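> Full structure from sequences and hints, please.
Which chain is which? The protein sequence lines are A and B, in order.
Taking my numbering, the leading residue of the first sequence gets 75, the next gets one more, and so forth.
Taking my numbering, the leading residue of the second sequence gets 71, the next gets one more, and so forth.
In case anyone wonders, no lab produced these hints; they're calculated from the structure.
The structure presented is a predicted model; accordingly, all values stated were derived computationally and were not measured.
When the alpha-carbon atoms are kept at most 25 Å apart in a straight line, the in silico SDA-like pairs for lysine to any residue are as follows:
hint	chain 1	residue 1	chain 2	residue 2
1	B	191	A	75
2	A	76	B	217
3	B	154	A	367
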Amino acid sequence: MKLALRELRRRPGRFGAAGLILTLIALLLMFLGGLLDGLIRSSTGAMYALDGDVVVYTASAEDSFLRSRIEPTLRSTVDGVDGVASSAGIGVVQLGARLADKGPRDLLDVVVFGPEAPPLGVDALPGDGEAIADTTLQEQGVQVGTELSVGPARSTLTVVGFVEDTQYLGQAALWTNPETWRTVLTDNRPDQQLGDGVFQALTVRVDDGAVAADVADAIDIATGRSTASLTVVAAAEGLPGVEQQTATFNQIIGVTVGIAVVVVALFFALLTVERASLYGVLKAVGARSGTLFGGLVLQAVVLSAVACVIAGSAAIALDAVIPPGSIPLRISGTRIGQSAVFLLVAAVIGCAFSLRRLLRVDPASAIGSGS
Amino acid sequence: MNVNGASVPALSLQRVRKVYAMGDSEVVALDDVDLEVAPGEIVALVGPSGSGKTTLCSIAGAILSPTSGRVVVAGTDISGFNPKQLTAVRRDLVGFVFQSVNLVPFLTARENLLVVDEIGKRTGAPARARADQLLGELGLADRAKNLPAQLSGGQRQRVAIGRALMNDPKLVLFDEPTSALDSKLGMAVMELIQQEMKARGTAAIVVTHDERITRFCDRSVHMDDGRITKS
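So, in structure tokens, the structure goes:
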């Protein structure tokens, strides 16, 4: 093993090309993963910010806020289910918003949320006619005190604070109290207005120790399957486009890992061919094939680890210099770590292709060229 | 022959035969060879190309298994050993010095000696002490930290000899040890080999084309067509 490490240290140039390619692949993996995380988060951030463990829609709504209607009687049934600690109504409406100093067609895409319970990161719901805005709106010039004209009815909402990471399907959330939301909905979507006490959905907090998925099932059973209850995670993943985006990016990431396997396999296969005489000598003086292969794997793993460290640093730097909001990039330690694991596994698999060649190196090749 | 009077030969080949299959035909590389090398004895193995010297060396050095016959290295019958067992024999009982020296190019002279320990028993400090001792004995103490590329041909050959002696072998196989050296240096290296083997009581087989170096050996064994023709 020392032999393998010494070669890496003393002949770094020999591994330069492979190291560079692996670094670029690692960076690509981290960048793709960061894009996926950013995209998914820009679609689902608001869902994860809901103060609850379970989201309850009506069964016919197909997991959509806009089609769902929870009547007070249905809510009472939900509240009576074992494991339900509390419930809060919630309503959503997607609208365009205008800023006073922008043109009439220069609309900000916003989603007005009207929950009974404030989202995570917000201590209390704002007053009537007020909203707490997602921080992405700051990039559009929205500040505390900014008045937004929302929807075709130009309902006025005054921004009184910001909360991070609460986008919904790529649109910035405006968190209002239920009354304000109900007013905005009635003014701008009169066809969708709801009666008193009616919400589009419920967020449910489960009792300590209760399993959210089990409580969700219990709610649907208690309501005679007139509700479709999902954990927050399932509700977020069920939003339109989320599954497709995830699947697409994961396929691209899979192909990239495959390319990493090929790169490592080709590089170390060539290296094995080049080292055949050295391996022959080492086998002749008593080295086991397993020891030599272990050295090869160690070199690939170290090379990949170095590539991941460089790529991880580059990804973090990239995340810092890319202007916020320009692309949905979200570089996290988890994603960097996951990409590193993928690459390290690819390195080991890639090396395995050299095993047969290494086993076939004959120690007899070390002697006899003169006879 | 028993130079040191020891009872167990360093190498004993009894009716050793090696046959290679070449398509439908067979090539007999070694044909009922008998050879015994005593501890401390230096044997020159002389013969033309294709005479079977390499095959004999490979079998004696536990690199190849014979088709038939008996091979005993330092009292251990290795005739029926599997590849794993043969590897252990090479690691523990046999030393090799190759024609093209074949030092690991990115390791210093000292580390080239320590490779034997790293791939083998991993004794650590004792191995380092032995490497230093061998380098001193071979006149390479001041070259211990030099890479092979920074050494002369003769110095590289001395490092290779040191490597072959690292595991305190019972038998060292020298494959054309002077072929890459000029005549004067070649003789100096042979003198060193003779000196080191005799000092340690280690047996050696020196494969060579050069009749001049046979004078450094206790006896010469001539091979032709897979047979020992003169011993």
